[in-house]
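Following the hints, position chain B against chain A.
Quick note, the sequences are listed as chains A and B, same order. Using the numbering used here, the letters of the first sequence map in sequence onto residues 2 to 404. Using the numbering used here, the letters of the second sequence map in sequence onto residues 2 to 404.
Be careful, since some hints might not be right.
[Stated by the list, open to error] Which chain B residues face chain A? A few, computed with CB under 10 Å, are given here:
no. : residue
1   : Asp68
2   : Gly74
3   : Gly84
4   : Arg85
5   : His88
6   : Ile146
7   : Ile369
None of these hints come from the bench; they were simulated from the model. Heads up, the beta-carbon is just placed ideally off N, CA and C, and yes, glycines get one too.
Number of protein chains: 2
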Amino acid sequence: MKIVVLKFGGTSVGTVDRIKKVANIIIGYVKKRYNVIVVSSAMSGATSDLVKKSKKISNNFISSEYDVLVSSGEQVSCALISGRLNHLGYKSQSYLGWQVPILTEGNHGSSRISQIYKKKINKFLLSGGIPVITGFQGVNQNNRITTLGRGGSDASAIMCAKFFKAQKCIIYTDVDGVYTTDPNTLKKAKKIKVISYEEMLEMASLGAKVMQPTSLQDARLNRIDVDVKSSFIKKKGTLITKRKNISSNKTIAGLTSTKNDAKVTLIGVKDKPGVAASVFKPLSQNYINIDMVVQTSSGNKKETDITFTIKSEDLSKTLKFIKQNKKIKYRDLIVNKNVSKVSIIGVGMITTPGVTYRMFQTLANKAINILVISTSEIKISVLIGKKFVKKAISALHKEFKLD
Amino acid sequence: MKIVVLKFGGTSVGTVDRIKKVANIIIGYVKKRYNVIVVSSAMSGATSDLVKKSKKISNNFISSEYDVLVSSGEQVSCALISGRLNHLGYKSQSYLGWQVPILTEGNHGSSRISQIYKKKINKFLLSGGIPVITGFQGVNQNNRITTLGRGGSDASAIMCAKFFKAQKCIIYTDVDGVYTTDPNTLKKAKKIKVISYEEMLEMASLGAKVMQPTSLQDARLNRIDVDVKSSFIKKKGTLITKRKNISSNKTIAGLTSTKNDAKVTLIGVKDKPGVAASVFKPLSQNYINIDMVVQTSSGNKKETDITFTIKSEDLSKTLKFIKQNKKIKYRDLIVNKNVSKVSIIGVGMITTPGVTYRMFQTLANKAINILVISTSEIKISVLIGKKFVKKAISALHKEFKLD
Chain A
2 MKIVVLKFGG
12 TSVGTVDRIK
22 KVANIIIGYV
32 KKRYNVIVVS
42 SAMSGATSDL
52 VKKSKKISNN
62 FISSEYDVLV
72 SSGEQVSCAL
82 ISGRLNHLGY
92 KSQSYLGWQV
102 PILTEGNHGS
112 SRISQIYKKK
122 INKFLLSGGI
132 PVITGFQGVN
142 QNNRITTLGR
152 GGSDASAIMC
162 AKFFKAQKCI
172 IYTDVDGVYT
182 TDPNTLKKAK
192 KIKVISYEEM
202 LEMASLGAKV
212 MQPTSLQDAR
222 LNRIDVDVKS
232 SFIKKKGTLI
242 TKRKNISSNK
252 TIAGLTSTKN
262 DAKVTLIGVK
272 DKPGVAASVF
282 KPLSQNYINI
292 DMVVQTSSGN
302 KKETDITFTI
312 KSEDLSKTLK
322 FIKQNKKIKY
332 RDLIVNKNVS
342 KVSIIGVGMI
352 TTPGVTYRMF
362 QTLANKAINI
372 LVISTSEIKI
382 SVLIGKKFVK
392 KAISALHKEF
402 KLD
Chain B
2 MKIVVLKFGG
12 TSVGTVDRIK
22 KVANIIIGYV
32 KKRYNVIVVS
42 SAMSGATSDL
52 VKKSKKISNN
62 FISSEYDVLV
72 SSGEQVSCAL
82 ISGRLNHLGY
92 KSQSYLGWQV
102 PILTEGNHGS
112 SRISQIYKKK
122 INKFLLSGGI
132 PVITGFQGVN
142 QNNRITTLGR
152 GGSDASAIMC
162 AKFFKAQKCI
172 IYTDVDGVYT
182 TDPNTLKKAK
192 KIKVISYEEM
202 LEMASLGAKV
212 MQPTSLQDAR
222 LNRIDVDVKS
232 SFIKKKGTLI
242 TKRKNISSNK
252 TIAGLTSTKN
262 DAKVTLIGVK
272 DKPGVAASVF
282 KPLSQNYINI
292 DMVVQTSSGN
302 KKETDITFTI
312 KSEDLSKTLK
322 FIKQNKKIKY
332 RDLIVNKNVS
342 KVSIIGVGMI
352 TTPGVTYRMF
362 QTLANKAINI
372 LVISTSEIKI
382 SVLIGKKFVK
392 KAISALHKEF
402 KLD
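Next comes chain A alone, as it looks inside the complex:
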């Protein structure tokens, strides 16, 4: 069998008319003699509506029933897709997580797929049928419905591609691919034709909302080529694949920027071993994600300054925990909410010297001050004032020949 997994996100199946269009896309692949496995999200808005109801029932809705509640969304979209395919004369059947079954492990609301039983789906495929599988959900060993967490339909699609040994996995969404940077920030942004898992992972983690990072990681581990495409317009998308499949000569694949970061600096912290740990321990215990961290000595040898960034929404909680923290003493605490992290990403930087220098020089030429720096093998991130973001993105986009 020549299997393709087609995954449709919430906006792609957001209305009955959209579902009709989706059915036509599916049939296009059937006509090309593919055995198609469809994976669908809930109709956009459906899940949020259910979440709202759960919040009115309880501010601490029990997670096992929450999964029963929200998983009904994909049941609706998949039945409608399958109904449409049947209407058009194609043999199709919806498969809910428990019907496949898709076995998961881990907690309700954030389960992981451990096994997909292939027998029923394979039999249906061989009979010429189009299975339409609910994304985002499965069952655990007690036969209770579980969900994979928001955006988990991507993970369902990737795991289907893995277990059914699909030749292709195509993620249909409301954007037509991955761009060198957010087109809303820079008009000159270009669509990337092909990108490595690693680059895409960095871009997704840094704010490009095309695919969930964990699903990308699954795709990378299982070496599954993923095509990101629009279900709204017929255009070539972006292929996410292995590094060695990429012959691009670009040093940098793309740029990202964040919108809601905050910077906290503790001035004059008593410098002794373990001081950083005692700052961050209560924060991590309370699920506050620390992003960039810098520790510098401020002249006085017995004191140090600690700077770190967090999501703006965590700021008030963070300040509370720091002020409550009896284990640290500091002279002053400075907060800056008007900061943004700008990153350049590319596997090319491993083999191309001078990328760091070029980035800093480009920003210096525009008189943009760098507050914090953090780097990995394939990305460099700098924290700058929020008002400089557009200017920085534009200059870097040009410098690294992405225009």
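This is chain B only, laid out in the frame that chain A set:
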């Protein structure tokens, strides 16, 4: 175990606030040391909304996927009820049809429950849990979701009461019981405290919309006492039970009237054996329900008049089939859309002579002309002009001492 089955209809769980009230009703029974099994319909409006979507997808939506689609409604309401019970500190879990499992047979969209597996639910009850079971749905032998047809949640509740040997089955709805006649037609209508299955069946078939006739039949066959109550106001409801449990001295339990009947009369039909059959065969083949039928000779011995009633909505189809029918010849065809069927129902009429006479005399006293009569062991129905309905109901209500 002292088991009670509580069934909540769509309006009873129509909003999040209603679901909170329903949780409180459930807890009331738990506090009385009952082991409660909850059966719930979808939130009112939810099913209609899904049906609308299916119609936009296909005017002939495949029934197997239709069942997947609409069954999502109970999944939502049951998860919310169970979520609320957990929020209030009670151990509760939703059970979808396939999780119990509730096995069904027959076609999609109109399946019947053949078996309810008790093991999981009993174990949960014994552990002090409150199972919340989705009404209206089950699974067939192929593990595909099935539905019982509209109003089928009543059937789910009755069958749960049967299989789990419940002491009580309480149907919570938006009316506070069964009335001697429709309170909208007659203000003097009184709530019936206790009524036999047979009387309730006749009343339900004749227009009292409190419970589905097929579910009542299930209750009768399995000797399950059914209490019909309001979930909106705290009041005693109506108990539906065996005849011999009823010590009432009322001859007549209640009165009903229909709103949308039409009468068709074929004048001067050639009278030969099989003529009635040739009139009705094409109608029954096209799913047109014939209600009352009268055949009378109109003087001329070779001719006869055939009168019958149908639902108004079937009238144009009926006339089309009669006019197309080459097997019958008639001199004239008369249609009357302004008719209504008024019925008196009561097991008492079996042992009380003169009920028929009293009914006809009462109507005659009010100068109401009877067009057609039909009787069964425990009911007498007459067809009269629609404009006389209120007057007839009022006079009969008084005559049979229901005021």
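Status of the hints after comparison with the structure:
no.: 1; hint: Asp68; in the structure: holds, 8 Å
no.: 2; hint: Gly74; in the structure: holds, 8 Å
no.: 3; hint: Gly84; in the structure: holds, 4 Å
no.: 4; hint: Arg85; in the structure: holds, 5 Å
no.: 5; hint: His88; in the structure: holds, 4 Å
no.: 6; hint: Ile146; in the structure: holds, 8 Å
no.: 7; hint: Ile369; in the structure: violated, 50 Å
Of the numbered hints listed earlier, the single one contradicted by the structure is hint 7.
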